[in-house]
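Student: Residues per chain are reported as follows:
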Amino acid sequence: MNNEELFENTVEETAAVQGGEAVLEAPRKIRKMSANGTNIAKKIVMYIILVLFTLWILVPFYIVIVTSFKQWDEANSTNFTWWPTMGFSFEGYAQVFEKPIANAYTAILTGFLNTLWIIIPPTLLGLFTSALAAYAFAKLRFRGKNILFGILLATMMIPGMVTLVPAFTIYDLIGWRGTPLPLMIPGMFGAAACVFYLRQFFTGIPTETLEAAKLDGLGYVGIFFWIMVPLSKPALIAQGVLGFVGGYNDYFGPLLYLTSPPLQTLQIALTTFVNQYNSNWPSIMAGTLVALLPTVIIYIVAQKYFIEGIASSGLK
Amino acid sequence: MEKIEDVIAPNEDVTDELIALPEGDAEGGRAPVRAPKRRKTDKEELMGWGMSCIPILGFLIFGFIPLIFSLYICFNQFKGLRLNTAEFVGFQNFQDVLSDSMFWRSVVNTLFVIGATLISLVISIIISTLLTNCNRGKKIFQTVYFIPYVCSMVAVTFMWQWIFNYNYGVLNAVLRNLGIIKENINWLGSESTFMPVMYVILIWGGTGFNIILLMAAMTNVNRNCYEAADIDGAGMFTKFFCITLPAISPTIFYLLITGVIGSLQAFTQFQVMAPSGGPGYKGLTIVFYLFRELFQEQGGSDIGIATAVGWILALFIAVVVAFNFWGSKKWVSYDE
Numbered sequence: 012m013n014n015e016e017l018f019e020n021t022v023e024e025t026a027a028v029q030g031g032e033a034v035l036e037a038p039r040k041i042r043k044m045s046a047n048g049t050n051i052a053k054k055i056v057m058y059i060i061l062v063l064f065t066l067w068i069l070v071p072f073y074i075v076i077v078t079s080f081k082q083w084d085e086a087n088s089t090n091f092t093w094w095p096t097m098g099f100s101f102e103g104y105a106q107v108f109e110k111p112i113a114n115a116y117t118a119i120l121t122g123f124l125n126t127l128w129i130i131i132p133p134t135l136l137g138l139f140t141s142a143l144a145a146y147a148f149a150k151l152r153f154r155g156k157n158i159l160f161g162i163l164l165a166t167m168m169i170p171g172m173v174t175l176v177p178a179f180t181i182y183d184l185i186g187w188r189g190t191p192l193p194l195m196i197p198g199m200f201g202a203a204a205c206v207f208y209l210r211q212f213f214t215g216i217p218t219e220t221l222e223a224a225k226l227d228g229l230g231y232v233g234i235f236f237w238i239m240v241p242l243s244k245p246a247l248i249a250q251g252v253l254g255f256v257g258g259y260n261d262y263f264g265p266l267l268y269l270t271s272p273p274l275q276t277l278q279i280a281l282t283t284f285v286n287q288y289n290s291n292w293p294s295i296m297a298g299t300l301v302a303l304l305p306t307v308i309i310y311i312v313a314q315k316y317f318i319e320g321i322a323s324s325g326l327k
Numbered sequence: 151m152e153k154i155e156d157v158i159a160p161n162e163d164v165t166d167e168l169i170a171l172p173e174g175d176a177e178g179g180r181a182p183v184r185a186p187k188r189r190k191t192d193k194e195e196l197m198g199w200g201m202s203c204i205p206i207l208g209f210l211i212f213g214f215i216p217l218i219f220s221l222y223i224c225f226n227q228f229k230g231l232r233l234n235t236a237e238f239v240g241f242q243n244f245q246d247v248l249s250d251s252m253f254w255r256s257v258v259n260t261l262f263v264i265g266a267t268l269i270s271l272v273i274s275i276i277i278s279t280l281l282t283n284c285n286r287g288k289k290i291f292q293t294v295y296f297i298p299y300v301c302s303m304v305a306v307t308f309m310w311q312w313i314f315n316y317n318y319g320v321l322n323a324v325l326r327n328l329g330i331i332k333e334n335i336n337w338l339g340s341e342s343t344f345m346p347v348m349y350v351i352l353i354w355g356g357t358g359f360n361i362i363l364l365m366a367a368m369t370n371v372n373r374n375c376y377e378a379a380d381i382d383g384a385g386m387f388t389k390f391f392c393i394t395l396p397a398i399s400p401t402i403f404y405l406l407i408t409g410v411i412g413s414l415q416a417f418t419q420f421q422v423m424a425p426s427g428g429p430g431y432k433g434l435t436i437v438f439y440l441f442r443e444l445f446q447e448q449g450g451s452d453i454g455i456a457t458a459v460g461w462i463l464a465l466f467i468a469v470v471v472a473f474n475f476w477g478s479k480k481w482v483s484y485d486e
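Chains U and S are the protein sequences, given in the same order. Using the numbering used here, the first residue of the first sequence is number 12, and each one after it goes up by one. Using the numbering used here, the first residue of the second sequence is number 151, and each one after it goes up by one.
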């Protein structure tokens, strides 16, 4: 939208300049040209800075990729090469995917699968419960709604670091430590931030639509599933991918509760792998790249949802 | 349209007694389309409660109980995780923490982390300003700049660990080839360079989120203001400082506060980079200190101390939030 507008503006401007050119007097023309000159210079400087910043973001990834394909000798030589001159080696990836460490799978692969089954259920269920609550807060009338909403507001104020140790102690007491339950169960009840975001989105859906559905015989649950969910797919997807990426990249939680190899999530498995292949840099970089790729791919595919989800979260 | 009914309903709610709730429950099933008003309200009430209480229930169980429990823990001393060894010690845990030089070292390190957040915010403002004025390639730049945000901090830390590697790292090699240094620098092994390296990692990972929010704010700035400024002959910098900056000040403040709160809780990059705390404990942040009390101190975990650290950290965060309320009134212009 905005891009198009900007584009149109510039087209109009250039058209105006071209049309007016013929009748312009000489001095004005010169001034205009020099203004154009500084504009071009500004543009060039701007693009140079933007490209440099792009390199600053991307070159580290390039270094990871190149190193992961190097042979051990080349990676561990004092002169860094920007290309695997001694030939490509897939030894690093072989170590990531083949060498058995725990059970039948490798540490990294086990970690990846663990991450999936530990993270996906709470993400989906949490999204569902958050959406239900958001629907109730946005569209239903019931006693104590404002009080409940206030309580929800207050939960965001409680610093996680205060409840961390007591929660850890309680989980230890009831035998949840060493199991994935502390990472899974709390998330299933939904997250306050997610409720806020979805509530905002749901409020934007016209009440008339819901009333019409009610007249057609849909109950509250029916309205939620057949009207609210389909109409708010982008918002739900945005929250879903953000939640998944957050869970996938979480390190602190698994570090507290799940450090035994068979249950390690990917982030912990990666640190284990790195310690095991200490100073074998091609392997470490291969592991790093494998750990990075899934979220980057999800981001590239679902980019629109990421940007919208984040941009609207800050525009309260 | 049921507007009239909606207006009546709240009044009815007030006079209704709570006993009405089980009634609605007993009825069960879907409410008939043309149900009497009263029963419909009950149904709505029940649904509203049922749907909205799940996250609140979760909060009560996993947030409120630990919160209350933490008040008990921080005033007692325990042997390991055994709760039956509790011994009331008053404020002793807090005294122990505040008199521990290691804790103050972690506070200083954490303050440094806040510095990295400020730098990354300034860089983000510059980049987003340029990006908003850029017509071609805007989308691609934006896509690239956001990538670090979705990357795993653990993997990213290993990435930089390799770049800054003492013997084989690319940075030392490049600097040597350029003739800037003669001998390799032990970036991660010496006290003076450890924090600068962490700055690089934090800034690299911190700009993506800022840029997205700042760009959203900047594209919302009223174009007419810039056109008016153009007519008045305002330059690039005048326009930036007199129009853009005040207009996006709420976003900047929001990013500043969330950034500072995030920095106060920095942990992952530091623990992954230096599990033992780094040279001269330069990598020991407050949360890292808490983590060590919970896991690594000899004699097992000291949950009393760890909880006390948690409360002190919460106090720091509360100060930041208070500053938020005070500062947003003073500096931020919220004119819509």
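Calculated from the structure, these hints are not laboratory results. You may find that some hints are simply not true.
[Said to hold, decoys possible] EDC-like mimics (lysine to aspartate or glutamate), calculated; alpha carbons at most 20 Å apart, straight line:
no. : chain 1 : residue 1 : chain 2 : residue 2
1   : U       : K54       : S       : E377
2   : U       : K53       : S       : E377
3   : U       : K150      : U       : E222
Student: Flag every earlier hint the structure violates by its number, smallest first.
Tutor: none
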